[in-house]
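> As a plain string of letters, each chain reads:
Number of protein chains: 2
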Amino acid sequence: MRLATLLGPELKELLRDDPDQVRELLEEIHEQDLADLIGELEPEEQAKLLARLPAYEAAPIFERLEDHEQEELVDIMPPESVVQIASEMSPDERADLFSILPDAQAEELLDKLELVDPEAAEDVREIEKWPETSAGHLMTTDYVHVSENVSVGAAIAAVRVFGAEKSTPIYNVYAMATENNVRGVASLRDLILAQPEQQLEEILTQNIISVPPDMDQEEVARRMAKYDLNVMPVIDDTGAMLGVITIDDIVDVLTQEQTEDVQKLGAVEPLDVPYFQTSFVSFIRKRGTWLVLLFLGEFFTQTAMRYYDPVFEAIKGATYYVPLLISAGGNSGSQSSTLVIRGMAVGEIKARDWWRILVRELAMGTVLGTGLGVIGFGRVLMYRDQHVPFALTVALTLVGIVICGSTVGAMLPILLKRLGLDPATSSTPFIASLVDVLGIIIFVHVAMIVMATVIAGHGIP
Amino acid sequence: MRLATLLGPELKELLRDDPDQVRELLEEIHEQDLADLIGELEPEEQAKLLARLPAYEAAPIFERLEDHEQEELVDIMPPESVVQIASEMSPDERADLFSILPDAQAEELLDKLELVDPEAAEDVREIEKWPETSAGHLMTTDYVHVSENVSVGAAIAAVRVFGAEKSTPIYNVYAMATENNVRGVASLRDLILAQPEQQLEEILTQNIISVPPDMDQEEVARRMAKYDLNVMPVIDDTGAMLGVITIDDIVDVLTQEQTEDVQKLGAVEPLDVPYFQTSFVSFIRKRGTWLVLLFLGEFFTQTAMRYYDPVFEAIKGATYYVPLLISAGGNSGSQSSTLVIRGMAVGEIKARDWWRILVRELAMGTVLGTGLGVIGFGRVLMYRDQHVPFALTVALTLVGIVICGSTVGAMLPILLKRLGLDPATSSTPFIASLVDVLGIIIFVHVAMIVMATVIAGHGIP
Numbered sequence: 046m047r048l049a050t051l052l053g054p055e056l057k058e059l060l061r062d063d064p065d066q067v068r069e070l071l072e073e074i075h076e077q078d079l080a081d082l083i084g085e086l087e088p089e090e091q092a093k094l095l096a097r098l099p100a101y102e103a104a105p106i107f108e109r110l111e112d113h114e115q116e117e118l119v120d121i122m123p124p125e126s127v128v129q130i131a132s133e134m135s136p137d138e139r140a141d142l143f144s145i146l147p148d149a150q151a152e153e154l155l156d157k158l159e160l161v162d163p164e165a166a167e168d169v170r171e172i173e174k175w176p177e178t179s180a181g182h183l184m185t186t187d188y189v190h191v192s193e194n195v196s197v198g199a200a201i202a203a204v205r206v207f208g209a210e211k212s213t214p215i216y217n218v219y220a221m222a223t224e225n226n227v228r229g230v231a232s233l234r235d236l237i238l239a240q241p242e243q244q245l246e247e248i249l250t251q252n253i254i255s256v257p258p259d260m261d262q263e264e265v266a267r268r269m270a271k272y273d274l275n276v277m278p279v280i281d282d283t284g285a286m287l288g289v290i291t292i293d294d295i296v297d298v299l300t301q302e303q304t305e306d307v308q309k310l311g312a313v314e315p316l317d318v319p320y321f322q323t324s325f326v327s328f329i330r331k332r333g334t335w336l337v338l339l340f341l342g343e344f345f346t347q348t349a350m351r352y353y354d355p356v357f358e359a360i361k362g363a364t365y366y367v368p369l370l371i372s373a374g375g376n377s378g379s380q381s382s383t384l385v386i387r388g389m390a391v392g393e394i395k396a397r398d399w400w401r402i403l404v405r406e407l408a409m410g411t412v413l414g415t416g417l418g419v420i421g422f423g424r425v426l427m428y429r430d431q432h433v434p435f436a437l438t439v440a441l442t443l444v445g446i447v448i449c450g451s452t453v454g455a456m457l458p459i460l461l462k463r464l465g466l467d468p469a470t471s472s473t474p475f476i477a478s479l480v481d482v483l484g485i486i487i488f489v490h491v492a493m494i495v496m497a498t499v500i501a502g503h504g505i506p
Numbered sequence: 046m047r048l049a050t051l052l053g054p055e056l057k058e059l060l061r062d063d064p065d066q067v068r069e070l071l072e073e074i075h076e077q078d079l080a081d082l083i084g085e086l087e088p089e090e091q092a093k094l095l096a097r098l099p100a101y102e103a104a105p106i107f108e109r110l111e112d113h114e115q116e117e118l119v120d121i122m123p124p125e126s127v128v129q130i131a132s133e134m135s136p137d138e139r140a141d142l143f144s145i146l147p148d149a150q151a152e153e154l155l156d157k158l159e160l161v162d163p164e165a166a167e168d169v170r171e172i173e174k175w176p177e178t179s180a181g182h183l184m185t186t187d188y189v190h191v192s193e194n195v196s197v198g199a200a201i202a203a204v205r206v207f208g209a210e211k212s213t214p215i216y217n218v219y220a221m222a223t224e225n226n227v228r229g230v231a232s233l234r235d236l237i238l239a240q241p242e243q244q245l246e247e248i249l250t251q252n253i254i255s256v257p258p259d260m261d262q263e264e265v266a267r268r269m270a271k272y273d274l275n276v277m278p279v280i281d282d283t284g285a286m287l288g289v290i291t292i293d294d295i296v297d298v299l300t301q302e303q304t305e306d307v308q309k310l311g312a313v314e315p316l317d318v319p320y321f322q323t324s325f326v327s328f329i330r331k332r333g334t335w336l337v338l339l340f341l342g343e344f345f346t347q348t349a350m351r352y353y354d355p356v357f358e359a360i361k362g363a364t365y366y367v368p369l370l371i372s373a374g375g376n377s378g379s380q381s382s383t384l385v386i387r388g389m390a391v392g393e394i395k396a397r398d399w400w401r402i403l404v405r406e407l408a409m410g411t412v413l414g415t416g417l418g419v420i421g422f423g424r425v426l427m428y429r430d431q432h433v434p435f436a437l438t439v440a441l442t443l444v445g446i447v448i449c450g451s452t453v454g455a456m457l458p459i460l461l462k463r464l465g466l467d468p469a470t471s472s473t474p475f476i477a478s479l480v481d482v483l484g485i486i487i488f489v490h491v492a493m494i495v496m497a498t499v500i501a502g503h504g505i506p
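Top line first, the protein sequences correspond to chains L and Z. Using the working numbering, the first residue of the first sequence is number 46, and each one after it goes up by one. Using the working numbering, the first residue of the second sequence is number 46, and each one after it goes up by one.
So that you can see chain L by itself, here it is in the shape it has in the complex (with noise of 0.2 Å):
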């Protein structure tokens, strides 16, 4: 019977009842889709299937698993099996593991495996020097070198050595110089379309595209996508080859990223884990800080309203229309500051564009508020009650107003930037907040010059 015909459920309760079989299955179906159902299972049933196979095996099952499932397995896990199964881990994984664990916990970890593993132990300790977000952290340091003087059948015979102890694959063999100095890179295809004989250095594509290690994940992934490398070399200033990073890794970190640039976008602090997996705790936190802070904010408008009280007093209805006029600032504002927010992450907008995205917004802002002056004026209008003077002080408000918007909302960005923050954190509603007051403002201040003697009247229009 093949395995793999049986469903979901049914395979779940056969690792359950029988966790041998999963050696079976392993030769059936794709790692992932395994780790996938073991992570259904109960971490006590995990931990007794991965028991059972040897660590190799169980390694990159293990190394699949969400980060949440592998910190509870280390919990329930003999520390000597976790340990047997992180010697077998790729060296990335392996440090992502290490990464997630409460500190103490990793640092008791690591000492155990330094005893199994010694050289395991070092890639961590040489990952884990990196910040969480950088090159340095992300690279694994397996790859195949070679020194630069071999031929490029012993570059071949490297490739084979070097497979047959580990898992993870292989597209490059780097050729080095010294034994830190890498000289060149030849592909698998390049090393198959030579001939054995030939030197590798006749192979060598020299013009290496590497990044340092502290570069951070973001322009690492920018890198990678605009040379379509798979492979991309992490090289530190005094020109030693540290690791690579792998297009994998890429796709996930640009994922992640994107996902916390539109959980800021929408004012909320990232989540760590996926919605389903977030405390309802951890959510009102997340969710309640910004909240409380929009909200302290927003008072302003309150405030502001209140000033000016005398104006609104006079113009009977005025307070009616600050939703409306305020509102087409806040959406002007969210769409430029989005643009430029986006513009910046993908690299086409630098901080030192801003003086033309500052002209374009403006003319932007003056066209789409006259458009939005226009459509205004003309439902002022089609109200009985309500006159020319009016019309015009909400028309020229919305032009005032969607300027305003615009070039806040391209501007803060570029500011946050410039002052090292995430220029995310300007938030749609963070603008919609700031350029509320200031419509309130813009919205008395246009009809007081409009209307100065119906106000300085307290008549109605």
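Where hints are given, some of them may not hold.
No copy is singled out in the list; a pair is fine if it fits within one copy or between any two copies.
Said to hold, decoys possible - In silico lysine-lysine, DSS-like type, Cα no more than 30 Å apart, as pairs: (1) Lys211 / Lys174; (2) Lys174 / Lys271; (3) Lys331 / Lys211; (4) Lys174 / Lys331; (5) Lys361 / Lys211.
No lab work stands behind these hints, which were simulated from the structure alone.
With chain L held as given, fit chain Z onto it using these hints.
Quick look at chain Z alone, frame taken from chain L:
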């Protein structure tokens, strides 16, 4: 002299004055960097330069130019040269070129290509058959395939033949049972690790993860990310292999889809080109449409307030609280809509989860709303002219509005998805506008209940 040591502007000068230098440069810098440099020249200069190169050298540069640059070049270059270059491009880039050209021009060029390179023309038609954002449109028809019954050595020989002819990267060899039916796959790594005299069959991975040609590119990206694949075969429902999708295209898809999502969230119709390349008119259209729609929708706030005029008349200063109160609804709505939209985009949230989300958001809205309510209650009472009944009205309104915002924000994207629309259309400003009107209605009704006596007597609290 190493040309690459020149600075950008000098290089541009050089390319402009002596286009023959480009061949020398090609050996020193990456084709992408050369394409970037060439992209800065005038279209006429670009055309002159590409004309100096044989088509097989011009193609990799041409395919790395921006879409709009390619379009301009096709307009000014002789169709014969374009066709020669197209014939040397990789099949997916070639198909992309034809899909950005106006239909008539594309058809004419395709007929010319047919005469020069019938196979290339056929590839274009095969790829263009599929919708713009589908797996079929993303794939390349270039991949190495051999009969399943050959030896490893023969498979390696096939890689050599393919590699000598085309410059595309090669990662896998597909073993075919019949002309079209794939039996299994072996990576170059597998081939190198095996013995040449071994049968290919013995080392094949038979459990191939593939996508159908009509699958949406976002789903393809998710699947490749899940299984950490660099190459994904496209297999139709008859089991025939049509081509492969490579990870570099997926990285581009992810970035592009994310840009579109973010722009929609900010209520901008997705731009097709970067900020600075988007024309003023196109901006006005892409921003203006939403701005006007939202403005018209927001007019209901004015209508609602006007309708409830007697209530607002009765409670002096109540209108001054409207922007504050309704913005709290917009903010909580933008939080929950962002979370749900992003959750659906990455596949964590399915439309069928709506019930669980509704329950969570109701609970979350209650807690967050109560929090804001307490703050609001205290803040109102800080004014000496405000009394407890009005403070209570503000507090209870906040609870109601935040619950309303959270649930509407979370449910609307799911509803849009069910209707077959893009959930990201329920942008932050859209949710805010919707919740604004609801907020006013909630405020008035809470006030009518809590302050019944005040309103009835038209007194001032």
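> If you check each hint against the structure, which ones fail?
3, 5
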